[in-house]
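**Student:** Residue numbers (our numbering), protein chains in the order written: chain A, 1 to 238; chain B, 1 to 310.
A couple of the hints might just be wrong.
Label pairs and their calculated CB-CB ranges [as the list claims (entries may be wrong)]:
#1 Val153(A) to His307(B): 33 to 39 angstroms
#2 Gly72(B) to Ala207(A): 31 to 37 angstroms
#3 Asp248(B) to Glu162(A): 43 to 49 angstroms
#4 Gly42(A) to Pro51(B): 37 to 43 angstroms
#5 Ala286(B) to Gly139(A): 53 to 59 angstroms
#6 Gln261(B) to Gly14(A): 34 to 40 angstroms
#7 Ala297(B) to Arg31(A): 54 to 60 angstroms
Heads up, simulated BS3-like pairs for lysine-lysine below, C-alpha to C-alpha not over 25 angstroms straight-line [claimed, not checked]:
#8 Lys155(A) to Lys166(A)
#9 Lys155(A) to Lys194(B)
#10 Lys107(A) to Lys108(B)
Computed footprint of chain B on chain A, listed as stretches where at least three residues anywhere in the stretch have a Cβ under 8 angstroms from a Cβ of chain B [as the list claims (entries may be wrong)]:
#11 47 to 54
#12 103 to 110
In short, the hints are calculated from the structure, not lab data. Heads up, the beta-carbon is just placed ideally off N, CA and C, and yes, glycines get one too.
Read off the chains here:
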Amino acid sequence: MTLAEILASLFPEGHSVTVADGLVNGEGPFRGGRLAVIGIDGDTALGVDGACRLAGHVLDVVRRGDATPILVAIDSDSQRMSRRDELLGLNEYLAHLAKTLLLADAKGHPTVGLIYGHSAAGAFIATALATRVLVGLPGANPSVMDLPSVARVTKLPLDRLEAMAKDTPVFAPGLDNMVRTGAVQAVLDPDQPLAEQIAAVIDALPAEDTRDRAGRERGGRPVAEAIAAQVVREAAFG
Amino acid sequence: MSERIIDPATKGWAASWYEASARARIDGLLDTGSFREVIGPEQRRMSPHLPLFDLPRAFDDGMIVGSGRLDGQPVLVAAQEGRFMGGAFGEVHGAKLVGLLRAALALKPAAVLILFDTGGVRLQEANAGETAIAEVMRAITQLRAAGVPVIGLIGGRAGAYGGGGLIAATCSRLVVSEGGRISVSGPEVIETNKGAEEFDSRDRALVWRTMGGKHRRLTGGADAYADDTVAAFRQAALDLIGRAPAFDLATLEAEQARLEQRLTRFGDCRDATEIWARLGVNDPEAVPALTTADFDALLARLGETTHDAR
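Using the sequences and the accompanying hints, generate a full structural model.
**Tutor:** And the structure:
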């Protein structure tokens, strides 16, 4: 689905969501209140300027003091790779954006990520992965790194990586693999109204971070949950 | 396959943090003999994925977690071993840190210390590593909101790159040394994707002044600058625990203002030396060679580099 289609399905009565420089911001009527939307459109790379602006939008919602839910709609590139971005401290800007979303969540704003296109690496962590629950639409393509790049770094032949990717969700790009890892909770149905589907996601928000449990149940992250649980059990002061 | 990376030659307080192994850093950082590891190497909880790639594994997966005392105070500690897979986040590696942060919510230690030494996500386990980083960032903010300071220490040879850089900036406070680098895209990544004209990764002076400890400290990306010794990191961690900023709307609004101001003031700078000059540094070219004492004096003179907006 395109962003316009998503917004039409979310807000049949209209909305104020706009896109500027690939950055999405606005809101629309939702269940008698509002649904705030921020995001990245058009496979845009996320740099210091964009991250700062999106974070400002999130803080604007938090400052209102109500419990307006926030949808983070993502079709982005990775973080913007440049000397300027790193010189200015891109890690702080991306983390700040993630922190504003985590703060909004802590202050009672349901936060839902919606990946409908590409996303990768730092841009993905700073946005969709910083929500309470991330859902996807068919055709979305999240990745940490594409397979040709993985081949270059790992010095493994591309055809072998492609073969391994078929049954090794832990490293291979793609929506299905992020579902099996537990990062993406569910894939929505583009043929049904998104407003109802997002409302259902919000009504069923898990109280805690359940991504590692999902990763075990779905086989994409077989041991993470058990490892984390063992540390919780055994950490103590002597 | 080795059970642990040991470097007896670099033990002790004067030992170089940069040269030390993760275990040696923990041993020197905490009160003598107080460290109690959880899921130690004897349990051999290794990566279930690396054999697929014909890669050797480590018994601790490059992440050491546990509890101990810092000047008598109870702390939880996590340390990355940069010499195993570049300290990168894989499934087990990341889950150990996630577990430690969740344990801290119940144990309420005086602080959680994270000894960063990482190139970012381990590509062979990329989805697990990336998801773990998101889990870590969520857990850190929950912990901070509960009043537990999370202190990051950055001075290892792998730096704090990729998702490691994002986790670092989620911490309450950061200590960095000259050798510590904090960045999202590494020099090689930028060069590979955008060309050597954009970033010449072989220009080490450029790397240090763009991503290194002094630049991050000068621009407010880190809160304390430490000599490259275990003792200096210990002292800096102790100093920072008592003055960790809250995790609330006021802090994030202040951070928003701080980061917006940085873009306004320095957004057109091409090189770190231009930023330093605008900050009021009289001789920017001399900064890389300044001793810690002279650098601290410079910081004190500039004043504005210290803040609670993180």
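**Student:** Now, for every hint given, state plainly whether the structure supports it.
**Tutor:** Verification of the supplied hints:
no.	hint	result
1	Val153(A) to His307(B): 33 to 39 angstroms	holds (37 angstroms)
2	Gly72(B) to Ala207(A): 31 to 37 angstroms	holds (36 angstroms)
3	Asp248(B) to Glu162(A): 43 to 49 angstroms	holds (47 angstroms)
4	Gly42(A) to Pro51(B): 37 to 43 angstroms	holds (40 angstroms)
5	Ala286(B) to Gly139(A): 53 to 59 angstroms	holds (54 angstroms)
6	Gln261(B) to Gly14(A): 34 to 40 angstroms	holds (36 angstroms)
7	Ala297(B) to Arg31(A): 54 to 60 angstroms	holds (58 angstroms)
8	Lys155(A) to Lys166(A)	holds (19 angstroms)
9	Lys155(A) to Lys194(B)	holds (21 angstroms)
10	Lys107(A) to Lys108(B)	holds (21 angstroms)
11	47 to 54	holds (count 3)
12	103 to 110	holds (count 3)
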